[in-house]
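Colleague: For the record, the sequence lines run as chains V and G. Under this note's numbering, the first residue of the first sequence is numbered 240, with each subsequent residue one higher. Under this note's numbering, the first residue of the second sequence is numbered 240, with each subsequent residue one higher.
Just so you know, the hints here were simulated from the structure itself, not pulled from any lab data. It is possible that part of the hints are untrue.
Here are the simulated SDA-like cross-link-like pairs (lysine to any residue), alpha carbons at most 25 Å apart as the crow flies [unchecked claim]: (1) G/300 with V/323; (2) V/300 with G/367; (3) V/404 with G/466; (4) V/300 with G/401.
Derived DEER-like restraints, expressed as beta-carbon distance ranges [to be verified]: (5) V/286 with G/268: 44 to 50 Å; (6) G/404 with V/340: 21 to 27 Å; (7) V/340 with G/268: 42 to 48 Å; (8) V/382 with G/448: 30 to 36 Å; (9) V/376 with G/388: 47 to 53 Å; (10) V/476 with G/365: 35 to 41 Å; (11) G/268 with V/292: 39 to 45 Å; (12) G/340 with V/340: 39 to 45 Å; (13) G/242 with V/476: 44 to 50 Å; (14) V/379 with G/414: 43 to 49 Å; (15) V/340 with G/292: 39 to 45 Å; (16) G/448 with V/269: 48 to 54 Å; (17) G/381 with V/366: 51 to 57 Å.
From a predicted model like this one, the values you see are computed outputs, not experimental measurements. For each residue, glycine too, the CB sits at the ideal point set by N, CA and C.
Number of protein chains: 2
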Amino acid sequence: MERKSIKSVLVLVAMEAEALPLVNILDLKEDVPPRIAPPAPAVSYTGEKFGITINVVRNGKCQLHGVDNVGTVPAAVTAYLAVHELKPDLVISVGTAGGFKARGAAIGDVFLATAFANHDRRIPIPGFDKYGVWRIDAVPAPNLREALSLKEGVVSSGNSLDYSKEDWDQLHANEAAVKEMEAAGISWVAHLHNVPFLALKSITDIVDGDRPPQEEFLENLHSAAQALQRVISPVLEFVAGKTIKEL
Amino acid sequence: MERKSIKSVLVLVAMEAEALPLVNILDLKEDVPPRIAPPAPAVSYTGEKFGITINVVRNGKCQLHGVDNVGTVPAAVTAYLAVHELKPDLVISVGTAGGFKARGAAIGDVFLATAFANHDRRIPIPGFDKYGVWRIDAVPAPNLREALSLKEGVVSSGNSLDYSKEDWDQLHANEAAVKEMEAAGISWVAHLHNVPFLALKSITDIVDGDRPPQEEFLENLHSAAQALQRVISPVLEFVAGKTIKEL
C-alpha cells in the first residue's frame, strides 16, 4: 500500500458547519443519489482536484433532535460505510477541537495528529484496559507538517464536550494536545481496513483554560472552520500523487 | 411493520463468553463464509428454531489487544452491518450488565429493557444535550415480560465499566435500572433502520453496591451468562411468529 500514489482522499467531518466551508473551497458537489446508502444519515460530496478524487463525508443530522450526529458512534459507522464504498487511499478526519495550552495550543491553530486514543473508556480488567484507551499512531507525515507549519500532537477522543476528573486524568495519561469527539472511533475503523489515517483539528477552545468549552466552542466555531478551510487545499495539494511514505 | 409476524430475530452480543452459551443452547452454526464481511471483526451464527431464523452476532476480538470488542462503537458498527445483511424482524441486545439494587436488581436477574439512554455523552449545548443522552423507548413487550417473569427497567450505556460522578448523576437522571456498554449505540442503529429493538440484560454486579464492578463482573460473568442461556429459548419461542404488537 505504501508504494501506491494517493489518488483518492476521504475527508470525514462530523458537523455541517465544519463541512460546508470545505465543500465550497474544494468546489465539491453533493452526491445524488447518495454514495452512502440510507438509512445511514451521512451526506457525501465529491469532486476532482489536484488530479485526485476528493470525497467529503459528514455524519448527517439526528432524526430526533435535529443536530449533527457528533461523537464516536456515528463517526465510526459513517467511516465504515464510507471507506467500504469509496475505497480511499487516505482518510483524514477534519474538524474543530479543544486544545491544551500546556502543549502549545491556541485558538485557531490547526493540529496534525500524531496518535489517537480514547479518554472515556475505562475498563479496569487486564487487556480490556489497553483496548479501552486503544491508542494507535497516525500515519507519519513529517513533510506535510513542515510544509504547512502545522502544530502536532496526540488527539484524544471522548463522547462529552466537557470532561470529568477521570477524563482529565486519562487525557493527561494520553499526553493529549487535542481533545475532540470522533477521531479515535474513526482510527479503529481505519485500522480494520488497513487504510492510512490522518487528522487535522482546528482549536475552538482551550481545555486547560478558564472558560466553559461550550461558550468558547460556539464563539470560535466559525473562525476555526475558516482555519480548516484555509488549510484543506494546501494539504490535499501536498498529498495528491505522493506515496504514504512521502508524507 | 407491526402487523408482520416475526420470522427472523437478530441477537447481538458483545463478548464471546456471553455468546457461546446462547449458540450452544440454540444449536446454531458459525457462518462460513462469514455473513458479516471482513474487515468487520463480527462473528455470526445461524440456525432455525421455533419455526424462525435466528442469528447470533458477536462483536469479535480486538486485533491489537485480543479482548472482545466491547463498547458502543463496535456494537453500533456490528449492528449496522448485521441489520443491513440479515434484515431481521426484531433485534435483541443480549448480555451482562450492572444493576441498581435501588431499582430492584440482584445478581443473576434478567432485565427486559423499557428504554435506552447514554450516561457518558455530556454536550451542554441546546439540542446537542438531548442528542447526547439520546433516550428512546424499547419496543413495548408487556406480554413477554409477564410470561417470563422478567424484571424491567431503563438500560443506560457508557463506554466505561466503572462510573465517574458525572456518569452517576446521568445514570440517575436516566432512571437507570441497568448499566452496560452497548445497548444505546445499537438503539441508534435500530432507530435508523426502523427495526423493533429489545434488550435482555443479566446482572453481574451491583452498581450501587460496595464492591468494584470489575471484581463482581469477573466473579459472576459465568453465572450471568448461564442465566441468559436459560432465558433465551423461552424468549425466542415466545416471540416466534407473533407480531410486534403481540409482544
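Colleague: All the hints need checking, so say for each whether the structure fits it.
Modeller: Now the hints, each set against the structure:
1. A distance of roughly 20 Å separates the Cα atoms of residue 300 of chain G and residue 323 of chain V; the hinted pair therefore holds under the 25 Å criterion.
2. Among the hinted pairs, residue 300 of chain V with residue 367 of chain G is consistent with the structure: their alpha-carbon atoms are about 11 Å apart, no more than 25 Å.
3. A C-alpha spacing of about 36 Å is found between residue 404 of chain V and residue 466 of chain G, which places the hinted pair above 25 Å, so the restraint is violated.
4. With a C-alpha separation of about 30 Å, the suggested pairing of residue 300 of chain V with residue 401 of chain G is violated against the 25 Å cut-off.
5. Distance hint for residue 286 of chain V and residue 268 of chain G: a CB-CB separation of about 46 Å, consistent with the stated range 44 to 50 Å.
6. Checked against the hint of 21 to 27 Å, the C-beta distance between residue 404 of chain G and residue 340 of chain V comes to roughly 25 Å, which is consistent with it.
7. Here the CB-CB span from residue 340 of chain V to residue 268 of chain G is close to 57 Å, at odds with the stated 42 to 48 Å.
8. One distance hint, 30 to 36 Å for the beta-carbon pair residue 382 of chain V and residue 448 of chain G, is violated here, with the actual separation near 55 Å.
9. Restraint check, residue 376 of chain V to residue 388 of chain G: a C-beta distance of roughly 51 Å satisfies the suggested window 47 to 53 Å.
10. Look at residue 476 of chain V against residue 365 of chain G: about 39 Å separates their beta carbons, and that is inside 35 to 41 Å.
11. Residue 268 of chain G and residue 292 of chain V have their C-beta atoms about 41 Å apart, which keeps the hinted 39 to 45 Å range intact.
12. Between residue 340 of chain G and residue 340 of chain V the beta carbons are some 44 Å apart, a value that agrees with the proposed interval 39 to 45 Å.
13. Judged by the Cβ atoms, the range 44 to 50 Å given for residue 242 of chain G and residue 476 of chain V is violated: they are separated by roughly 56 Å.
14. Range check, residue 379 of chain V to residue 414 of chain G: about 48 Å between beta-carbon atoms, so the 43 to 49 Å window is met.
15. Here the CB-CB span from residue 340 of chain V to residue 292 of chain G is close to 56 Å, at odds with the stated 39 to 45 Å.
16. Judged by the Cβ atoms, the range 48 to 54 Å given for residue 448 of chain G and residue 269 of chain V holds: they are separated by roughly 52 Å.
17. Our hint of 51 to 57 Å for residue 381 of chain G and residue 366 of chain V is violated, since their Cβ atoms are close to 40 Å apart.
In terms of the numbered hints stated before, the structure departs from hints 3, 4, 7, 8, 13, 15 and 17, listed from lowest to highest.
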